[in-house]
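Make the full structure from the sequences, and use the hints.
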Amino acid sequence: MKKSRAPAITVAVLLVGGCVAPFAISSFHTFQLTQILIYAIALLGLNLLTGYSGQISLGHGAFYGIGAYAAAILLDHAWLPYWATIPVAGAVCFAVGFGFGLPALRLEGPYLALATFALAIATPQILKHDALEKWTGGVQGILLDKPEPPGLLAGPLDADQWLYFLCLVFVVVSYVIGWNLVRGRTGRALIAIRDQPIAAAAMGIDTALYKSTTFGLSAMYTGVAGALGALLTGFVSPDSFTILVSINFLVGVVVGGMASILGNLFGALFIVIVPNIASDISESAPWAIYGALLILIMILMPRGFAGMVRAVAARRG
Amino acid sequence: MSRRTGLMATLALLTIGGTAAAQKSPGVTSTEIKIGQTMPYSGPASAYGVIGKTALAYFKMVNEKGGVAGHKINLISLDDGYAPPKAVEQTRKLVESEGVAFIFNALGTATNSATQRYLNKKGIPQLFVATGADKWSDPKGNRWTMGWQPSYRQEARVYARYIQQSKPDATICVLYQNDDFGKDYIAGLKDVFKDAYKKKVVKEASYEVTDPTLDSQVVNLKAAGCNTLVTAATPKFAAQAIRKVHDIGWKPLHFMTNVSVSVAAVMQPAGLEKGVGIITGAYLKDPTDPAFKNDPAMLEWRAFMKKYMPGAPESDVNNVYGYAVSETLIQVLKQCGSDFSRDNVIKQAASLKGFKPSLALPGLEINTSGSDYRPFSQMQLAKFNGKSFERFGSVISGD
Amino acid sequence: MEGFLHQLLLGLASGSIYGGVALALVMIFKATHHVNFAQGELAMFTTYISWSLIQAGAPYWVAFALTLGGAFLLGSLIQVAIVRRVQHAPVLTVVIVFIGLLIILNSLAGWLFGHTTIDFPSPFPADAWYGSAYFSPHEVGMTVVTLATLALVYAFFRYTRLGLAMRAAALNPASSRLVGIRVDRMLALGWGFASLLGAVAGMMAAPIVFLEPNMMVGILVYAFAAALLGGIENPWGAPIGGFIVGVMENLAGAYVVGTQIKLAVALFIIVAVLVFKPSGLFGRRSVVRV
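Protein chains in written order, with the working numbering: chain A, 1 to 317; chain B, 1 to 399; chain C, 1 to 290.
I should point out that these hints are in silico values taken from the structure, not numbers from a laboratory.
BS3-like, lysine-lysine: derived pairs with alpha carbons at most 25 Å apart:
1. A:Lys146 to B:Lys121
2. B:Lys135 to A:Lys146
3. B:Lys198 to A:Lys134
See the structure below:
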C-alpha cells in the first residue's frame, strides 16, 4: 500500500513558510505568529493527554502558568540565562504533572475534570500568597526583559524575529519528540489504555505508570510553552493564568482535532486569530459571536479540523 | 539585492513616504489625532468597560464641536479581557498596526504593568492609566507613563491619618480584594502606622473576585473584635459587605474605598439605612448627591449622558470618571497647540497647573510637573447620611 | 464559639446556593449523561429575564412562574436546536459546545442588561419571624426551597413513569427506543427541567450575591464540586455536597489556612475525598462489562 505523500509535503511547506514568514510580515504579525507557535506547543501537551490518552484536563492553564513563573523567577534572580530557563521550566512541570497524575488517575470523566479544574483555580491563588511573595512578586507579578539575539545574529534579526525562531526550533523539536512518542510503543500503549483499559491491563501494561507519565509529559510540554510565553509577553502575574487559559487550550485541542499533530497547529491558529475576527464582526457582543462560531464548528466538524481532513482524505483515497 | 529590486524598493518607499508626509508625527494627520486604549470589555472586570464607552462618547461630542485645533480625536478602544498577555498583544496592534499617537486611559494594574516597558522603550506616552496603583508616578524611571486618579495607597493613608487623629486607640480590621487593588490599601495603612501596624490592625481578611459572597470574611472579622473597618472591595462585594456588617449587628467605624460608593450601584442594593456612617475619600462629584442637583457642570454632564449615552444608568460613577479623564486629556491637547508629537504630549501632560476638571469636587485641582506625575493627589472625606455622602472637613492631601 | 456557630450557619446558607445549582447539574446528568458547564450562565440569564419582568411591573410570584416557564422553554430549545446536533459526537466536542453556550449567554447578558450590579428582590420579608442575626429570613427560605426542590426531583426520578423513562433514555438509548420511549423527547425534557431548576437556584441566590453577568461564575465552581462530591447521579448528594463544601470552605478560611487560599484548600480536600471514593460520597460505582 502506497503511503500518501501529502502529510510530508504539508510539513515541508509549513517549515519553509515558517522560516520565511518573519521577514515578509510586520513585527506585530511576527509577534502574533510567535504566540501561535507557543500555543501549538501547549496544545501538543494537552493533546497528548486528551487525544492519545483519553483523559480530560481542564487545568492545563496551571502548567502553563507554573512553567511561566519558573522561567520568570529564574530569570528575575539571574540564576540562569533565558534559554536555560525553558528546559528547567519543562522539568518542573513534568514533576508537578507526574505528581498530580499519580492520585488523579484513579478518577475518570467528570471527576478527573473537576480535579484538574481545582488545580487551575488553585494555582493563581497559591502564586498570589503572601508566603511566596518574595519569589513570585505576589499580585504585582514579575517583569522580564525581552531576549536579544546573540552577537552574530544581532544584525539581521531583531528581538521579535529572534524569539520567533527560538520558538520555531522548540516547536519542531517538541513535535519530533511527540511524533516518535506517539508512533512508538508508548503511543500504542496509550491508545490501548484509552480504548480498552481493562484489556490493556490484562496484557501487562502498567496502566498507572503510563497514565502518570503521560500526565507528566503533557505538563512538561505545556510548561515549556508557558516559559516561552513569559518571554514573549515580558511579564507574568497571577491574573495572566486564570481558568480561561485552560478552557482556551481545551477549545484549541478539540477544534484542531484530537490525536493529530497538524490539527494542533490549526487549533493554535484558531484560538489566537478567531477572537480578533469576532471583535471585527461585532463590537458590542464579540464573545457571543465567538461562542456561536465555536458551536457552529463543532456541529459541522465534530472531530475538529483534523477530523474533517481525515474524512475528506478517506473519501478520496 | 539586485539593482532592479533596489529601484523598486526605493520607489515604494518614496510613495509611502509621500503619503506619510501627510503624517506630522505618528498617529497625527492634519485633521486627526489617533489614540488607542485597552479596556476589559469582557471577563471579570467587564463592569469597567463603561469607562471606555464613556470616553468614546465624549470624544464624539468634542469632534462634533470641531475637535481640538481642527483635529478630530479618533479613539480606538480594544478589549483585553483584563488579561496581561492580551493587553500586550492589543497594545502592540494599536501601536504597530494602527499607528496610534499614544495610549490613553488603559485599564488595569497588571495589564498596564505588562505594556509599560514596551511603551516606554518606544517613547510612546502611556497617559492617565486607569488604575489607582501607586507605582505609576515614576518620572525618572518611566517618564512616558502617568496615572490620573488619586492612588489607592494615598487614599488609605488619608484614612489612616484620620483614624490616628480621631480614634487613636482604634483596633482595625481590613477586608480586601486579593489583588493589587486591595493590597495597595494595606500598603497605604502600613505607610502611616509603620511599626505599629501589627498592633493596630488586628486582622486582615481577603476575598477573590470569584467568591460568591464575602459573608464569611465579615463574620470572621467581627469575631476578632475590632471597632474600625477598612473595606477595599469592588462595588458588588462592597454592597454585600455593608449589608452583612449591619445585619450581624456590628457597628464599626467603617471606611469604604471610593471605587465603591455610588449610591445607586452600592448603597441602595445594600440598603440605604445600613450604610449610614460610612466614610470615604472622594474626589469626583457623585451624580446622586442632592448638593449637586443644580450644579452647572453636573447639568452639562447629564445632558451629555442623555444625548451621547442614552440608556446608560446615571448612577454609575464610571461614567463620571470616564468623562472627567477625557476632559483632562482635551486640556492636555489644547495645551499642545499644534504640536501633537509624542514628546510634546507627555510634556504638556506634565505641565498641568491648577486645572479643575468640571466634575472634580470643589476645591480640588490637578497639578503635575516634571517631578510630580500625580495629577490628583487630594481628596475630601465624606460620610454617608442615609441619602448621600456628605463632605466634611477640608481638602486633604494624600502625600 | 459564637463565631464558629455563625460560620457553620453561613456555610449552610452558601451550601444552599451551591446545592441549588448542583441539583440542576445532577438533573441534566441523569437525563443526558453530560455535565453541562453552561448551567450557571443559563441560571443567570433566566434570572435576568425574571428581573426584566419585575421591572415591567409584574408582581414577584407572577414573574417567578413566568420565568420558570421561560427557562423550561429555553432549555428545551437549546437541546433541540444545538445539543441534539452533536449527540453522536465525542464527549469533548459536546463539552466545547457547552463552553460555546456559556460564552454566548454571558456575553448576551452583558450586552442586553448591562454590567451594573442589580439588587434582586427576595420573596421572604426582611423582618419575618423565622429570621435572626445569624440566618436571615431569605437564607432560611432559600434553604427550605432547595430542600423542597430536592424532594421533588428525587420523587420525580424515583416514583414517576416519566422520571424512569428519562433515566432509561440516558442510560441506554437503544433499548429505550425498543420499549417505546421517545428518547429525543426525553432529552429535551431533561434540559428543560434542568434549566427550570437553574432558574430557581438563580432567583434564590441573586438577593444574596447580587445580579450581574458574572454572578454564577464563582458559584458554578462550587456547585460542580458539590455535585461531584455528592455523587453526580444522586439528587440527595447535591445539597448535601453543597452544605459540606460551603461549611468546609468557611471553616478553612476562618480557622485553618486563612482566606487567601481557602478556595484552593477546599477544592483539594474534595479531590482527596474523590480519590478515595471515586464516585462521590453517595454515588454508586458503575460496573462495566468487559
